[in-house]
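Student: The sequence shown: position 63 = 1369 (my numbering), numbered continuously.
No lab work stands behind these hints, which were simulated from the structure alone.
Note that the structure is a prediction, hence the values are computed from the model and not measured.
Don't be surprised by glycine CBs; every beta carbon is placed ideally from N, CA and C.
This list has only true hints and no planted wrong ones.
The calculated label-pair distances, taken between Cβ atoms and stated as ranges, are: (1) ASP1610 <-> GLY1315: 16 to 26 angstroms; (2) THR1555 <-> TYR1372: 34 to 44 angstroms; (3) SER1324 <-> LEU1406: 28 to 38 angstroms; (4) GLU1574 <-> ASP1354: 14 to 24 angstroms; (5) LEU1587 <-> GLU1487: 27 to 37 angstroms; (6) GLU1376 <-> ASP1419: 22 to 32 angstroms; (7) GLU1329 <-> ASP1419: 17 to 27 angstroms; (8) GLU1569 <-> TYR1372: 22 to 32 angstroms; (9) ARG1619 <-> SER1511: 12 to 22 angstroms; (10) TYR1372 <-> LEU1406: 18 to 28 angstroms; (11) ASN1434 <-> VAL1389: 27 to 37 angstroms; (12) ARG1550 <-> SER1324: 39 to 49 angstroms.
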Amino acid sequence: MVLLSRFRGNPILRPDPSKPFMEFAAFNAAAVKLGDRVYLLFRAQSYDLTSTVALAELPDGFTVTYVSEEPIYRPRELFESRVLGVFGPTGCEDPRVTVLDGRLYMLYTAVSDAYDYVRVAMTSIDVNSLLEKRWDSWSRPKPISPPGVWDKNAALLPRRVQGRYVVLHRFFPNIWVDFVEDLEFEGYWIRGYEFFRIRPGMWDSEKVGIAGPPMEFNEGWLMIYHAKSSQDGAYRLGAALLDREDPTTVISRLDYPILEPREWYETEGIRVVFSCGHVVLDGKLLVYYGASDKYLAVAYADVDELLGELLKRRYWLDG
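Produce the complete structure using the sequences and hints provided.
Tutor: This is how it looks when you write it as structure tokens:
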């Protein structure tokens, strides 16, 4: 078994009463390594349950040395705003980021009280603008999933496959994939088809969704994913390996979770570990995860050991 090891300094981010935009929660972070440090674009939630995106910097991947004083990204459009004044979650939830051609693309779940469904939205910013903290440089967001359909947990692969961009997303309860010609999404909603399904009777039996964008290695695309169990309602993290040139082909999928809620910060009220991002530093896979929908934590494993385990335990194919 290869399991994630928790950082002893967890949680690395907590709600902050001195910052109203994150006084209720700081969790579910996208992660990207730029230069010599890790940047986390995390979901910040105020007491009225409005979600925005804030920034944290970690020179060593574990220690937070900077947190933005304000959100770096706020809800701006009708499809992600509190319109009717109804109390409940609204805003920009669970960001996932991918760098392509010098731009950082952020896909997130857009929530408005004007609709009874949530959608995937996309925006982007030049990497240099992000590093220079020019938050007004974000492109105007656009919904990319169809109206009237509950869709979330979306990310782009960090390169084209067979000449097309690849979008992973979740129509309940399974993970879907779509291949698109460009990232303009003019007159086109992501759909595709499902390729990664729940497993009845197992720990990932109710719903599944990607963590951060899958990472490419010689062995294939390493996909960390979250899953909810229909048996105990807990959210856990798992690992799978996808084919490099056909990511719809599952090479391997572990039959056990690599992280499950156990510590106090993962079980406060609800039992949840939920990831939106990861990086590799010095041969270690660092997985950043939201804990009990309130805190942000990090856990790690040797990436070669995890890849080796996936190739050794080819549960998906061997049964």
